[in-house]
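Peer 1: Residues per chain, in single letters:
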Amino acid sequence: MTAEFFRWLADAHGINLSVLHDPVDGMAMLAGIWMTTWLSVVCIVLSVVIGLVGVWLRGLPSRLIRLLVDGYVEFFRNTPPLVQLYFFFFAIGGLLPLGDDGAGNAVPLISNTGWAIISFSLFAAAFNVEIFRSGIEAVPQSTVEAAESLGMNRNQILFQVVMPLALRIAWPALGNNLVNLVKTTTLAYAIAVPEALYVAAGIWSEQFNVREMMNVVLLIYLVLIALLVWIISRWERAMRLPGFGQG
Amino acid sequence: MQSGLSRISLAGVLFGVMALLLTLAHSALASASTESSAFEELVRWGPLIFKGFLFNLLVATLAMALGTLAGAFLGIGQLSPARPVALGCDWTTQFFRNAPWLVVLFYCIFLIPYEVHLGSVTIPFPAWMKAVIGLALPVMANVSEIVRGAVVSIPTGQWESAASLCFNRRQTLWRIILPQCIKRMLPPWMNLYAILTTASPLISIVGVQDGMTQTRAALTATNRPDLMLPFYLYLLLLFFLYCYPIARATRALEARFAVKG
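Those sequence lines, one after another, are chains C and L. Mapping to the numbering used here: the first sequence position 144 is 144, numbers consecutive. Mapping to the numbering used here: the second sequence position 17 is 17, numbers consecutive.
Simulated from the structure, these hints should not be mistaken for laboratory data. Check the hints yourself; a few may be wrong.
Unchecked claim - From chain L, some residues computed to sit far from chain C (all C-beta separations above 10 Å):
(1) 126
(2) 128
(3) 190
Claimed, not checked - Just the calculated beta-carbon pair ranges, DEER-fashion:
(4) C:227 with L:157: 53 to 61 Å
(5) L:254 with C:102: 23 to 31 Å
(6) L:161 with C:173: 52 to 60 Å
(7) L:257 with C:60: 26 to 34 Å
(8) C:2 with L:175: 17 to 25 Å
(9) C:42 with L:209: 29 to 37 Å
(10) L:209 with C:242: 32 to 40 Å
(11) L:149 with C:242: 23 to 31 Å
(12) L:176 with C:233: 48 to 56 Å
All C-beta atoms in this analysis are idealised placements derived from N, C-alpha and C, irrespective of residue type, glycine included.
For reference, chain L alone in the conformation it holds in the complex:
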């Protein structure tokens, strides 16, 4: 199992690195001797693109935190004994789960005001903050489903024994059910984080300066078509090196928690 996983990882990394090397070699041969090689350009512009990539990670992480917080409440709300609350939470979840991420992002960018006045205090809402909210909404809906699924998967006996010990609903949920859910929620939650990270370059479409924006800026500045291949591959590789370990860890956790059947 372990060797199988590392073989896959090796294949993935090799795939990317070899493609990058091949294109570097290709453009080194293609470019005239007066021009700097693609490798030199990558060394020059790489740090800028990397900084943009770090901003992607920041936005994704903030959106994940916000979405998880809101999604946890929404997921518990879906299981509320009060019917209107349950229905409302259910509809909200389904709505944001099925709407395309990019459309929700557009929605937030255009329809959230750029600043909010609370009395004499003005709270500015820069585009990146709106983007965080825009990404957090679909995350919220997905987390909501993860929480609901985990709570439903806990055996009814746990609820009944808690009731027999005079726990009320809130105590049962917070002290008995949810702690048991954490373990089941962790793999899908990590998977969602990886998906969110790969979705984060969408913010470049709505004008937030991220890794994608920096890559395109670097390509515009150099104005050399032969650099496109190595630069985009470099950005792809940055994301791969960040997301792939998460995907592997998720699978390892799933394998450990799996019930042998």
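For reference, chain C alone in the conformation it holds in the complex:
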């Protein structure tokens, strides 16, 4: 029914939305959207975890560790994510030994999708370390002192007192960075990870419908990002504490 309408639209008006009337293109596009979603979710989780570990390491008394974490943060924040991706995929991926795919064929130990996940997670995590750090610094010193006077140790204070408050303070900045991360996943196109943009490029080079597919891709990303923004703001409202921020 809808397929017929879009086929008619293509024939009669030359607007070829092939993903809506060609089942092959449609399934490919769905797989691409799924890949983008999966990449985004995995990278979001990993980048937050690495960010938390980074900020925990940074708080250790060792100066060397702090220097290393700062070096990592500054390096990843101030270099292009695309070059980082190429660096990981070609340079480091090329150094690793080849694995076996079970049928006797040599395959890279880490796939292109794997490198995309590693690269984007490290990139976003560098920003997350900074975001968590500024959140932690914004927690009032008196709160930390109060926790100390109750006999809590460093980790207890960090995880039970400081982090819950710091997360709420850092939430808008964190949300911004995570939205950016979803947008960054389009870079995986460059190393042929079959995410939404790559799949769309495959479709438009077969169907010659660049104009239509560009708009489809743009729409897909706007919907995905709107969804993420909605989740983040819902979560923010659910976590709100009385006495912090506006009401």
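Add chain L to chain C, keeping to what the hints say.
Peer 2: Below, chain L without anything else, positioned relative to chain C:
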């Protein structure tokens, strides 16, 4: 504070330089004696990659100029008392702020014609010019938000006292509000420029010859896998050496303008 910042900078530079040296040493050991060392190859191809990197900077700077100009008007438009104008500017801003840079870039590369005919005059639109526009659009949206945020952050009293002195809206905006905004807009604007510069290698994906393209061309020409690590690190380091001072200056400005609370 100052020593803290320089310590961080030292760490970052050391991080990159040490990684580069380590890989050079590694490939020097690995390569056979008949082959030239990675260092010699880097000396040979480095200038070419550097030229490409300069083109990245040129494209980023042009996109920044174009995006800032358009974004300033869009940001003021968002605050227009005429509702349709405000809504239109608001939607445009949100649209380009949330669309992925690479998708917008693709959009511009494919959908802007390669030349425009104005009567008998033909204006060519080479790919790099389309790339500048493609990068300028997200910049425009971000600048728009920066301008809007800065204007909103000026106390209402400034508007009211201007009104009491018989300034009209345009005069108030241009002579009283915007001059005060410059100071607040500078740090986020510089931050945006650094982000744009690190985003500029995206133009290599759509076929504009930049530093990334030259690096890959050099790697293809030498056809030696052991050079990948030093060459990509070299390119990363070029960007780092350009963007890191900007990031530091941004933080220094923010610290100076910060209200002690």
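Peer 1: Hints first: check each against the structure and report whether it holds.
Peer 2: These are the hints, each one checked on the structure:
With a least beta-carbon separation of about 19 Å from chain C, residue 126 (chain L) lies farther than 10 Å from that chain, consistent with its non-interface assignment. Residue 128 (chain L), annotated as away from the interface, keeps every beta carbon of chain C farther than 10 Å; the closest lies near 17 Å. Here residue 190 (chain L) stays apart from chain C, with its beta-carbon at least about 13 Å from theirs, past the 10 Å limit. Our hint of 53 to 61 Å for residue 227 (chain C) and residue 157 (chain L) is violated, since their Cβ atoms are close to 41 Å apart.
Judged by the Cβ atoms, the range 23 to 31 Å given for residue 254 (chain L) and residue 102 (chain C) is violated: they are separated by roughly 54 Å. Between residue 161 (chain L) and residue 173 (chain C) the C-beta distance comes to about 34 Å, which lies outside the given range of 52 to 60 Å. At about 32 Å, the CB distance of residue 257 (chain L) to residue 60 (chain C) agrees with the hint of 26 to 34 Å. A hinted range of 17 to 25 Å for the beta carbons of residue 2 (chain C) and residue 175 (chain L) is inconsistent with their spacing of about 57 Å.
Judged by the Cβ atoms, the range 29 to 37 Å given for residue 42 (chain C) and residue 209 (chain L) holds: they are separated by roughly 33 Å. Taking the beta carbon of each, residue 209 (chain L) and residue 242 (chain C) are about 57 Å apart, not inside 32 to 40 Å as hinted. Separated by about 27 Å at the C-beta atoms, residue 149 (chain L) and residue 242 (chain C) satisfy the suggested range of 23 to 31 Å. For the hinted restraint 48 to 56 Å between residue 176 (chain L) and residue 233 (chain C), the CB-CB distance of approximately 34 Å leaves it violated.
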